[in-house]
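A.B. asks: Using the sequences plus the hints, can you model the full thing?
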Amino acid sequence: MNIFIEYSLFIFFLPLAAFLINIFFGKRLPRQGDWVSIGAVLFTLALSMAMFAGMIFSYDPDFQVESSFTWINLGDFNIQLGFLVDNITITMLLVVALISSMSHIFSIKYMAGDPLYSRYYAYLSLFTFSMNGIVLSNNLMLLYMSWELVGLSSYLLIGFWFAKKSAADAGMKAFLTNRVGDIGFFIGIMLLFTAVGSVVYSDIFTSVADGNLAGTLLTMAGIGLFIGAMGKSSQFPLHIWLPDAMEGPTPVSALMHAATMVAAGVFMMVRLFPIMTPDALVFVAYIGGFTALFASTIAITQNDIKKVLAYSTVSQLGFMIMSVGTGAYVAAFFHLVTHAAFKANLFYGSGSVIHAMHHALHKKNDHETDPQDMRNMGGFKSRMPTTYRAMLVSTLAIAGVPFFSGFLSKDAILSGSLSFANHHPEHFLLPIFGFSAALLTAFYMFRLMYMTFHNEPRMPELIEEIHESPKEMTFPLVLLATLSFFIFYTLPYFNPFSDQGWFTYVIEAKTSLVHGAPSAHAIAEGIHHSHLPAMIISVLVAGLGFFLAWQMYLKRKLSAERYANKFSTLHRLSLNKFYVDELYARFIYTPVLKLADKIAFLDWDLYDKYVVDGFGKFTEWFADLIGKVDYDGLDQGIVDGTGRTANRLGDILRNLQTGRLQNYILFALFGVILIVIVQTMV
Amino acid sequence: MDQLQNYLFIAAALFSLGLFAVITRRNAVAVLMGVELILNSANVNFLAFSRFGGMNFNGHVFALFVIIMAAVEAAVALAIIINLYNNYQSINVDEASQLKR
Numbered sequence: 116m117n118i119f120i121e122y123s124l125f126i127f128f129l130p131l132a133a134f135l136i137n138i139f140f141g142k143r144l145p146r147q148g149d150w151v152s153i154g155a156v157l158f159t160l161a162l163s164m165a166m167f168a169g170m171i172f173s174y175d176p177d178f179q180v181e182s183s184f185t186w187i188n189l190g191d192f193n194i195q196l197g198f199l200v201d202n203i204t205i206t207m208l209l210v211v212a213l214i215s216s217m218s219h220i221f222s223i224k225y226m227a228g229d230p231l232y233s234r235y236y237a238y239l240s241l242f243t244f245s246m247n248g249i250v251l252s253n254n255l256m257l258l259y260m261s262w263e264l265v266g267l268s269s270y271l272l273i274g275f276w277f278a279k280k281s282a283a284d285a286g287m288k289a290f291l292t293n294r295v296g297d298i299g300f301f302i303g304i305m306l307l308f309t310a311v312g313s314v315v316y317s318d319i320f321t322s323v324a325d326g327n328l329a330g331t332l333l334t335m336a337g338i339g340l341f342i343g344a345m346g347k348s349s350q351f352p353l354h355i356w357l358p359d360a361m362e363g364p365t366p367v368s369a370l371m372h373a374a375t376m377v378a379a380g381v382f383m384m385v386r387l388f389p390i391m392t393p394d395a396l397v398f399v400a401y402i403g404g405f406t407a408l409f410a411s412t413i414a415i416t417q418n419d420i421k422k423v424l425a426y427s428t429v430s431q432l433g434f435m436i437m438s439v440g441t442g443a444y445v446a447a448f449f450h451l452v453t454h455a456a457f458k459a460n461l462f463y464g465s466g467s468v469i470h471a472m473h474h475a476l477h478k479k480n481d482h483e484t485d486p487q488d489m490r491n492m493g494g495f496k497s498r499m500p501t502t503y504r505a506m507l508v509s510t511l512a513i514a515g516v517p518f519f520s521g522f523l524s525k526d527a528i529l530s531g532s533l534s535f536a537n538h539h540p541e542h543f544l545l546p547i548f549g550f551s552a553a554l555l556t557a558f559y560m561f562r563l564m565y566m567t568f569h570n571e572p573r574m575p576e577l578i579e580e581i582h583e584s585p586k587e588m589t590f591p592l593v594l595l596a597t598l599s600f601f602i603f604y605t606l607p608y609f610n611p612f613s614d615q616g617w618f619t620y621v622i623e624a625k626t627s628l629v630h631g632a633p634s635a636h637a638i639a640e641g642i643h644h645s646h647l648p649a650m651i652i653s654v655l656v657a658g659l660g661f662f663l664a665w666q667m668y669l670k671r672k673l674s675a676e677r678y679a680n681k682f683s684t685l686h687r688l689s690l691n692k693f694y695v696d697e698l699y700a701r702f703i704y705t706p707v708l709k710l711a712d713k714i715a716f717l718d719w720d721l722y723d724k725y726v727v728d729g730f731g732k733f734t735e736w737f738a739d740l741i742g743k744v745d746y747d748g749l750d751q752g753i754v755d756g757t758g759r760t761a762n763r764l765g766d767i768l769r770n771l772q773t774g775r776l777q778n779y780i781l782f783a784l785f786g787v788i789l790i791v792i793v794q795t796m797v
Numbered sequence: 155m156d157q158l159q160n161y162l163f164i165a166a167a168l169f170s171l172g173l174f175a176v177i178t179r180r181n182a183v184a185v186l187m188g189v190e191l192i193l194n195s196a197n198v199n200f201l202a203f204s205r206f207g208g209m210n211f212n213g214h215v216f217a218l219f220v221i222i223m224a225a226v227e228a229a230v231a232l233a234i235i236i237n238l239y240n241n242y243q244s245i246n247v248d249e250a251s252q253l254k255r
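Protein sequence lines correspond, in order, to chains A and B. Take 116 as the starting number for the first sequence in this note's numbering and just add one per residue. Take 155 as the starting number for the second sequence in this note's numbering and just add one per residue.
Just so you know, these hints were derived from the structure itself, not from any lab. Be aware that a few hints might be false.
Said to hold, decoys possible - SDA-like mimics (lysine to any residue), calculated; alpha carbons at most 20 Å apart, straight line:
#1 B:254 / A:775
#2 B:254 / A:782
#3 B:254 / A:769
#4 B:254 / A:774
#5 B:254 / A:777
#6 B:254 / A:764
#7 B:254 / A:763
C.D. replies: Structure below.
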């Protein structure tokens, strides 16, 4: 067996083993079994690194190994499961293993003392296992199974503090919203399966390349699959679960926002990009672009530190999805990787801040103040220097400042959208969405930084109690902040303004297999041409966003309150997340619940009462009838009757047995005479 | 006078008398005697057919067999009667009806 497949098997099954051990025996193990999960994930990290090193050494864009086995074989109905390991897989595995390891380590202190500590680690392992399944799968079936497992583990982790109603509700919301997307996803899979007769990617790709599968059917299948990605990657209008998912423990948020849950949708789109028709891609691009702008307009007014980051994730995912839609899917994957590092870091940073706030409030016996509200923070810079510096680096990265990783990937995405609009002027809105979102990104991120770390403390009595977090928590921060620098993505080159490097070399854009789609070369050419204008505009808008935040929240030259009052309608809309949840409640939940009530009435009061109960009553009556026939007719008439007849007959016949010998002789004589008479007469 | 029917009439009469004795007598010995009569009526028939039918000496031989058998039967029957008497202190056949009860 290929060494890569062997490693993949370990990477796939180790977290599963850790999950099983911890869920069953975790409580009885020393340290509640956290070392089992951490050990498993560190081992997968080591294996991922080994695979990554192998990829870098071979440096082959076409590297690919695949291995399958037949899972279900029913004649024509044949389902294969297996692994596909190529450069995308290996890169993603490393990202997942790295972020997941950081989450595991961060959680040692963050979750210390939780009554369900071992179960928490079991769930983390399950989460890692499921995501690895998505990354490694070479077919839609294993992808779908892992997809659902990711949904399940996110439900378990978001609702981890299930005693809190809001957390339990958030878990349910995440799960149900994902179900909506999963229906589309499943329809897409079934369309492809019925058309191709196989769920393996390569078979589907061949079928599309041969032109056997094309046109509206393929577009529908692509949109179906994308709806699944909309659910998982929280694209508008299915984005509502992600901000609520902040109810989960912060390391889980980091894991979910960076590497596992939301990355799944983008990763799937990158994987299946070759079968996306241009029509489907336009849909994808608009959903992504709109989400990027929409979410960032919400993020600028939120006051909860984690909510800002949550909407920022939605917005960044919108970027990626838009990039897939414009054909620059390698840029999307690039942004997925760079975003994983800096967004995880931002979450760990916020976790560190919240941890510190929490402890400070605890010392002061203050249980009223919200430890996540940025309006209670300020001036933490000197108290938490490591957290501050790490978060600053990641903020620069996410805002798209040169020399940081986010600049390269965001720039590639914006070039892609600009080039797409160049070729299709009717889609001029896409780059506008992109650049506006980039402006707002810089604005809300610096707003977050200034409100949290700069200025004088808003709660001066608290500041004395704010301390830097322990090493287990700052270590991931430092590591991931380091990974936010451009250099790790452009080696062996040192040009901070170009994304040329190992990444763009090993992950080569492949031309879509759909007939009539633009070639990868043409797309790359277009991106190259719009690279410079895109870079200039993106630096300008990022600078503008930074400047506005600086003026409003650090210098206080521009009053945020004044602008809020001036555009009070817009401000209220943004603060209340454009009332999407309320709209859903008004137009979906309430009518559905009403309908459910009506149906319940039909079911309980009409169907159950009359049809079901009626059946029972009829059966009872019928059984009575049958019983009567049986007892009174059969038993008493025929069965007992036979006995009675035999009895009576015996009574009569026994009189013949007189006991007198001579009588018998006489009877015999009569008999003989009778026989003789009969004989003579015949 | 010397005709087959006459012998058959006599045999029939003997048979009827024997049967009558068997059916009506209460005394077991009398019943036995009735049986002897029946057997002898059969003998008469044999001999008559031996003389007038084509049976030749076969009839005589059969008659001899019947006489021997009658003697044996008498011995067995008398043994039964003695046992009957031992059990019931009577040789009235009507009283030997234990099977009915």
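A.B. asks: For each hint given before, does the structure comply? Return the numbers of the non-compliant ones in rising order.
C.D. replies: none
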